[in-house]
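Novice: So for the sequence shown, the numbering used here puts the first residue at 1; every next one is plus one.
Among the hints, a few may not be true.
[Said to hold, decoys possible] Straight line, CA to CA, 27 Å or less: simulated BS3-like cross-link-like pairs of lysine-lysine:
(1) K50 to K82
(2) K50 to K80
(3) K75 to K8
These are computed hints drawn from the structure, not numbers from a lab.
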Amino acid sequence: MIHVDISKILTSRRFQQRLRVAAAQLRSKIDLILAPNHFAARELAEQVRKALGITGERLLLADDTALQYLGTQAKQAIKKSKGLLIVDDVVITGDRFWSYRNALERAGLTAPQRPVHFLVGLERTPTKETLQGVCDAAHSVEHFHPIESLTLPNWGDDECPWCWEFAQLKKQGEGRGFLLVAASPLTRSSYHAGEDFERLRAANP
């Protein structure tokens with residue numbers, strides 16, 4: 001899987017222009033934003049909040065798996081909202097959007113008169129069928145708002161043209177005594193730092 005650092009895209013002039021256009025279309029429909037609690041999603045959600053002219057308390061940060069733990073005040077805010085916008089930095093499979101929708105339904109926080117819209121910084125679904133699945137999670141293509149779209153191949157290890165090179169770099173790093181080497185396309189030091197640290201700690205108690 002090729003990883004894209006969406007935080008670099010968020011500050012581009014093109015992205016900001018497209019975000020303002022999307023916000024103008026949503027301004028009369030949305031009064032509450034829900035976003036995952038990780039850096040890139042928080043950063044994008046804050047930009048969206050400002051573009052929509054929504055106050056800070058109308059931005060809720062909660063991962064899809066944590067919606068059941070929302071406080072009473074947050075749940076009431078969702079129930080009373082005229083329109084809910086779920087914001088995420090990247091969508092590939094649509095699993096997180098589906099998880100949000102299912103969690104909202106289980107918690108009794110959805111209603112026919114309260115539409116749920118999805119806005120994503122980068123849509124990079126691998127197939128048309130996957131993209132349709134994302135739109136299905138939003139109930140219609142009109143409720144799905146990608147700011148940017150990008151098609152990237154999802155090569156397997158035997159097809160990837162640079163995997164041999166990265167395997168050699170990993171081998172050289174480990175041969176020089178490094179306990180863990182993260183060698184992959186577009187890797188940056190903090191992308192999987194938490195996961196890497198846990199792997200390193202488990203391997204070296």
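Novice: Of all the hints numbered above, which does this structure not satisfy? Sort the numbers upward.
Specialist: When the structure is compared with the hints, only number 3 turns out to be violated.
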